[in-house]
Amino acid sequence: GDQVEQSPSALSLHEGTGSALRCNFTTTMRAVQWFQQNSRGSLINLFYLASGTKENGRLKSTFNSKESYSTLHIRDAQLEDSGTYFCAALNTEGADRLTFGKGTQLIIQP
Amino acid sequence: NAGVIQTPRHKVTGKGQEATLWCEPISGHSAVFWYRQTIVQGLEFLTYFRNQAPIDDSGMPKERFSAQMPNQSHSTLKIQSTQPQDSAVYLCASSLDGGAEDTQYFGPGTRLLVL
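Sequence order for the protein chains is X and Z. Position one of the first sequence corresponds to residue 73 (the working numbering), numbered consecutively onward. Position one of the second sequence corresponds to residue 6 (the working numbering), numbered consecutively onward.
Here chain X stands alone, though its shape is the one from the complex:
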């Protein structure tokens, strides 16, 4: 089965509001990356976490390896936040390849 379970698959927010995206892992992961894929298809790095919480502007992400999950919080959503958000994780077996979730399609409405 999938090692990275991402939810929700789609989310619609009004400008100025916020929400959280979540990834659950079915195996122990040593790090997680979060990306935004824009309308041109480019994967934009948001965060890399090996543990704890990082914040950047209106975005905040947490990774809890012991409880096997990561979250991405968006606050005060803006139109340019629309896109597909992916989490991707590195497992603890030493492999360096990222295993991706299936993504959350985020639509920000005026």
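Calculated from the structure, these hints are not laboratory results. Predicted, not measured: the structure shown is a model, and the values here were computed from it. A couple of the hints might just be wrong.
Said to hold, decoys possible - Within a straight-line C-alpha distance of at most 20 Å, the following computed EDC-like cross-link-like pairs (lysine to aspartate or glutamate) qualify:
1. X:LYS138 - X:ASP74
2. Z:LYS83 - Z:GLU68
3. X:LYS126 - Z:ASP107
4. X:LYS174 - Z:GLU49
5. Z:LYS83 - Z:ASP62
Given the coordinates of chain X, assemble chain Z onto it according to the supplied hints.
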């Protein structure tokens, strides 16, 4: 910093033809990864190199797909006898070290369409 460069950005090929995709990693990065993205399968790992040496090709289809990294400034992914199911966006990424706790930076991708 130009980021990871991929060429071509789009490629249309006929069934049975060969396709070669190019990737130039970020200067100074020693690890290069290839992934592909389809609607059905999502983002999947294909293969990766560290210091030009192949490390893990567990995601590569066993036939028709090959990857090389002849020097530190570029890698190629070659698909022989392309099939319609090979249609996908092929993404290249690089990271500074390829070891633990290392951010991967992605290129814009090559959109391959096999007719």
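Now for the hints, and whether the structure bears them out:
1. X:LYS138 - X:ASP74: holds, 18 Å
2. Z:LYS83 - Z:GLU68: Within the cut-off at roughly 11 Å; holds.
3. X:LYS126 - Z:ASP107: holds, 16 Å
4. X:LYS174 - Z:GLU49: holds, 10 Å
5. Z:LYS83 - Z:ASP62: holds, 13 Å
Going through the hint list in order, the structure satisfies each hint without exception.
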